[in-house]
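S.K.: Spelled out, the chains give:
Number of protein chains: 2
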Amino acid sequence: MKLTVIGSAALDSIETPAASRKDILGGSSLYASISASFFSPVNLISVVGGDFPARYLRLLEKKKIGLSGLEIKEGRTFRWKARYDKDLAHARTLKTELNVFEGFRPLIPKTISRRDNLLLANIDPELQSYIFHRIKPEGIVACDTMNLWIETRRKELLKLLKKVDIFLLNDAEARQISGEKNLLNAARFLSSKGAKMIVIKKGEHGSLFFSKGLSFMAPAYMVKKVSDPTGAGDTFAGALLGYLTGTKKMSSRILRAALVYGSIMASFSVERFSAEGLLRVTPANIRKRYEHIKKLTEF
Amino acid sequence: MKLTVIGSAALDSIETPAASRKDILGGSSLYASISASFFSPVNLISVVGGDFPARYLRLLEKKKIGLSGLEIKEGRTFRWKARYDKDLAHARTLKTELNVFEGFRPLIPKTISRRDNLLLANIDPELQSYIFHRIKPEGIVACDTMNLWIETRRKELLKLLKKVDIFLLNDAEARQISGEKNLLNAARFLSSKGAKMIVIKKGEHGSLFFSKGLSFMAPAYMVKKVSDPTGAGDTFAGALLGYLTGTKKMSSRILRAALVYGSIMASFSVERFSAEGLLRVTPANIRKRYEHIKKLTEF
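Residue numbers (my numbering), protein chains in the order written: chain U, 58 to 356; chain G, 58 to 356.
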């Protein structure tokens, strides 16, 4: 079984108080694919422009990510420019250029089976929905989102969340979509809208998993230094779905491990800019942090 | 073995967006004593004025808290007036009246043994230090503090933390005392100053325990509704020390359980104003939340 990942592929320009980097590998589908590739085979569906550096494509190929669904279109790659505040807690978007994503309607290559699992990584819910209906997936489907879509595509998003198995969003977004301050109430709101399984990502405070009520609280793995939080949520979602795909089944035990692997992969991601942290990780590093966090949280 | 608790005894006036209450039972030593009393015998050392309601004394007696060290002094009880913001995350102190605490130097009653454990609940480090040197404790000693003392009694506090076994503070205070944003670095700073065991309380995000490096991450117990966060940290410290006193020894397993009981008791405390949440708890309620959080966090 494989995992199909759709979402954005971008060139990010990121400023933090410590450093600033231009046109680095970014986008929800790339973070998620690289993260998932440690656990299962991955096929990517996305689009880049002719200016997308070949060396980035080679990095994805090295991770054995299937690129037959990655369209290379005439024009410029999607770009996102942002600045983080001094706590690295909030990114302020300085500029978004949709570029080749404007009106993008991908073809689904034959290598992608409806029986594969599907991660609708963060992108316009209209595009997520389009892909969902083209693939007619029979595997596990997860959908991630962001504040922008809650604001501008609320109706589409509420329609989509009924159809998927796992709906992911962060704590601020859970509060935003529900109008509830308390996360238990926010999750109850999402359930009432038809969400089956809900993952609320709390960044450095871990994540909450709901399936008919709160059923697991996953810890975050603490790192000594955060360099760039970009893509942490995408990385988390990629590892979660990658792990579920790799194990080929879904029990409470497997789901819990998948969420913890989400935390672990996110911890590697934030330690360096772009996907550099993820790209230098080895399976042994991942295993070590998993065992460590298990020891740190058992009682 | 018993636990001796010293700290403030107060009449609080609390305003939250939902309600406001005047002259309710408060103070670090009262929250901590009531919380600890579920796990071990407790002796209290503190002071109140003649205006302290007899019904509050009866509540403490009902919990079998030894009151021979509670001085009833002519004058008014210590008072604290505060208003919480809409997230209930930050309290703004509107008024503090030291009253009978001004220059308070308690006598140590004979019922208190130096072999008992000792909790120096949050109060001026000069008073904590005075008590420490009068008792010359041979049991486990823990010391809690707050932002005010870090600001105004830094030197005294840094002297005291070397002498105690467990030093407690919250995340904001750990950042304040160390000048480090990252809590792992903040704890390393405190270790370098001679702290042996460190507990960083993160409120709704649980707590971190350090003993030569990070060694346990305790989850918080999520509640549906927070009414009044006052005393949550004192309640946490009380349960931690109460549990350690009740079990009569200290292993890694016992320490971890003690920290989780800290979270549990704090969850009961914040659900109602003052100590009302704690006072209506039963050992069965406590056990139930402990089992529940264990199930919610195992992987």
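Please note that the accuracy of each hint is not assured.
Which copy? The list can't say, so a pair holds if one copy fits it or any two copies do.
[Said to hold, decoys possible] For lysine to any residue, the following SDA-like pairs were computed, each having C-alpha atoms within a straight-line distance of at most 20 Å:
(1) 143 to 343
(2) 253 to 340
(3) 306 to 222
(4) 130 to 110
(5) 238 to 282
(6) 345 to 308
(7) 219 to 204
(8) 282 to 236
(9) 138 to 211
(10) 305 to 98
(11) 352 to 310
(12) 351 to 149
(13) 238 to 259
(14) 216 to 189
(15) 220 to 74
(16) 138 to 355
(17) 219 to 132
(18) 143 to 229
(19) 305 to 213
(20) 212 to 166
(21) 120 to 131
(22) 152 to 140
(23) 119 to 286
(24) 152 to 349
(25) 59 to 110
(26) 282 to 211
(27) 259 to 280
(28) 282 to 124
No wet-lab data here; the hints were simulated from the structure.
Note that the coordinates shown come from a computational prediction; the quantities given were computed from them, not determined experimentally.
S.K.: Which of the numbered hints above does this structure break?
M.R.: 1, 2, 6, 9, 12, 15, 16, 17, 19, 20, 21, 23, 24, 25, 26 and 28
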